[in-house]
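Participant: Sequence:
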Amino acid sequence: TALRLLWLHKYSIMYLPLDSLFLLAIFLSLAPNKCGAADDDSYSASSHIGLNYALHLQENPLDTNVAASILASTFTSLQKAKLFGSSERDMEDAEALLSVGIKKITVAVPQYLVWNGETRTSAVDSAFAGTFVDTVIKPLMEKGATVSIAVGNEPFAYWHATPGDILLSAYRNVRTALIEADLKKSVQMMVPFQFGIIENSYPPSDATIQDEFLPAIEELVQLMYEDGDPFEINIYPYFAFRDNADEIPLEYALGSSGGDNYGSLFQAMHAAVEFALLKLHSNFTENNLIVVGEVGWPTEDTYFPSEDNGWRNDTGFPHANVQNAEIFLNNVLATGIPVYVFEAFDEQAKSVDSGAGAQFSNVENHWGIFTEDGDLKFEVPVLMESVDNTSTSEANAIGGYSSSSFVSGVCVLFIRLSFL
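Going left to right, the sequence shown walks through residues 1 to 420 as our numbering numbers them.
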């Protein structure tokens with residue numbers, strides 16, 4: 001009898017010939033946590049899924065306690081959420097989420113504090129960082145939260161254009177404050193990057209980090225590697241498809257049918273990020289996750305009338321609809337890749353020029369799984385499975401993952417026996 005082990009680990013495949021079951025047993029005993037469920041006793045099939053939670057830009061804002069209750073009662077296995085700030089209002093949101101059992105929470109040092117576009121220094125100096133840890137992180141942890149920190153949001157996107165040295169300074173100051181408070185091992189950090197930092201993204205194996213961002217990202221990646229922190233990036237296949245709809249099949253963009261070795265546009269974009277990072281640090285993805293900080297599909301994308309703009313008219317882009325959003329999102333969640341869905345609730349008061357792809361369009365208003373009124377647009381079955389949300393683990397700092405658990409969302413052992 002010949003035994004052959006196929007180990008699919010972080011999208012890499014290795015064939016390992018084993019002469020006996022004894023060798024297999026040794027191999028598995030040496031890496032007990034590389035595959036299968038996490039050490040966390042609240043692990044479930046939805047452990048890799050979080051939601052971006054924001055109500056601040058709603059025309060008629062839901063009460064945060066009502067909104068949190070809607071999430072918890074609808075998505076009974078939801079364990080984590082990501083906020084975009086750390087203001088008093090954000091803390092109220094965090095407490096509302098904690099009260100319904102959503103205990104893995106990412107708070108943010110907001111982008112306008114990382115850099116306001118006017119000065120050559122960041123407001124996130126050492127004094128700010130120390131106060132931030134004392135007044136935001138510690139109180140949440142004392143209330144039972146497993147906390148992570150996002151430093152800025154899409155800092156290198158053209159609408160922010162944060163200088164690399166300023167981003168590094170802000171990141172280092174927060175990191176130092178955590179170390180001085182003896183909390184760095186319990187609190188993970190990330191910088192949510194825009195996908196635009198990636199150059200030559202197709203085929204994914206050609207992907208690199210854009211030269212202008214390379215020095216800062218290289219230094220950040222080294223710090224993240226040392227700390228075991230994730231690399232976070234926002235991935236929006238919708239915009240790639242919308243702007244190239246004559247070249248990209250809808251089914252491939254939605255993840256309904258594979259068109260290459262990656263299965264879907266989302267998976268190809270994610271693979272491009274991994275290839276780019278491995279060119280910076282060959283061991284990075286062995287110990288660190290790539291987390292998708294934002295991913296979603298809008299249910300409406302109506303452009304205001306203008307001259308000579310193709311499909312951009314008051315009838316909107318036809319593929320931005322509830323049916324496609326449901327198909328896309330459930331296909332993404334089925335990949336097992338760690339993601340934060342964008343977003344929980346619609347925000348109808350967003351500026352039309354608030355983000356990439358939003359100029360002259362209402363698309364930014366329609367990313368929610370729920371409407372502003374709290375009505376569910378479509379079902380997300382994997383989040384509707386019951387799970388005990390009351391248990392947390394220190395090792396799960398970034399919303400439920402450690403480098404030894406469910407790595408990159410996929411870690412599967414296949415054993416094939418063939419009889420000769």
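In case anyone wonders, no lab produced these hints; they're calculated from the structure.
Built from N, CA and C at the ideal position, the CB exists for glycine as well.
Certain hints may be false.
Okay, the calculated beta carbon distance ranges per label pair [what the hints assert, rightly or not]: (1) 126 with 334: 37 to 45 Å; (2) 123 with 205: 22 to 30 Å; (3) 63 with 203: 44 to 52 Å; (4) 65 with 261: 44 to 52 Å; (5) 123 with 281: 38 to 46 Å; (6) 334 with 223: 13 to 21 Å; (7) 282 with 118: 21 to 29 Å; (8) 286 with 180: 22 to 30 Å; (9) 158 with 180: 33 to 41 Å; (10) 181 with 379: 37 to 45 Å; (11) 286 with 60: 42 to 50 Å.
Participant: Give a verdict on every hint.
Facilitator: Here is what the structure says about each hint:
A hinted range of 37 to 45 Å holds for the C-beta pair residue 126 and residue 334, which are about 44 Å apart. Separated by about 40 Å at the C-beta atoms, residue 123 and residue 205 break the suggested range of 22 to 30 Å. Hint check: residue 63 to residue 203, Cβ distance near 48 Å, so the stated range 44 to 52 Å holds. In this structure the hint that residue 65 and residue 261 lie 44 to 52 Å apart at CB holds, the actual value being about 46 Å.
Between residue 123 and residue 281, the C-beta spacing of about 30 Å breaks the proposed range 38 to 46 Å. Separated by about 32 Å at the C-beta atoms, residue 334 and residue 223 break the suggested range of 13 to 21 Å. At roughly 39 Å, the beta carbons of residue 282 and residue 118 sit outside the given window of 21 to 29 Å. With their beta carbons about 29 Å apart, residue 286 and residue 180 fall inside the hinted range of 22 to 30 Å.
Evaluation of the 33 to 41 Å hint for residue 158 and residue 180 yields a pass: the beta carbon distance comes to about 35 Å. Checked against the hint of 37 to 45 Å, the C-beta distance between residue 181 and residue 379 comes to roughly 42 Å, which is consistent with it. At about 48 Å, the CB distance of residue 286 to residue 60 agrees with the hint of 42 to 50 Å.
Going down the numbered hints, you'll see the structure goes against 2, 5, 6, 7, while the others check out.
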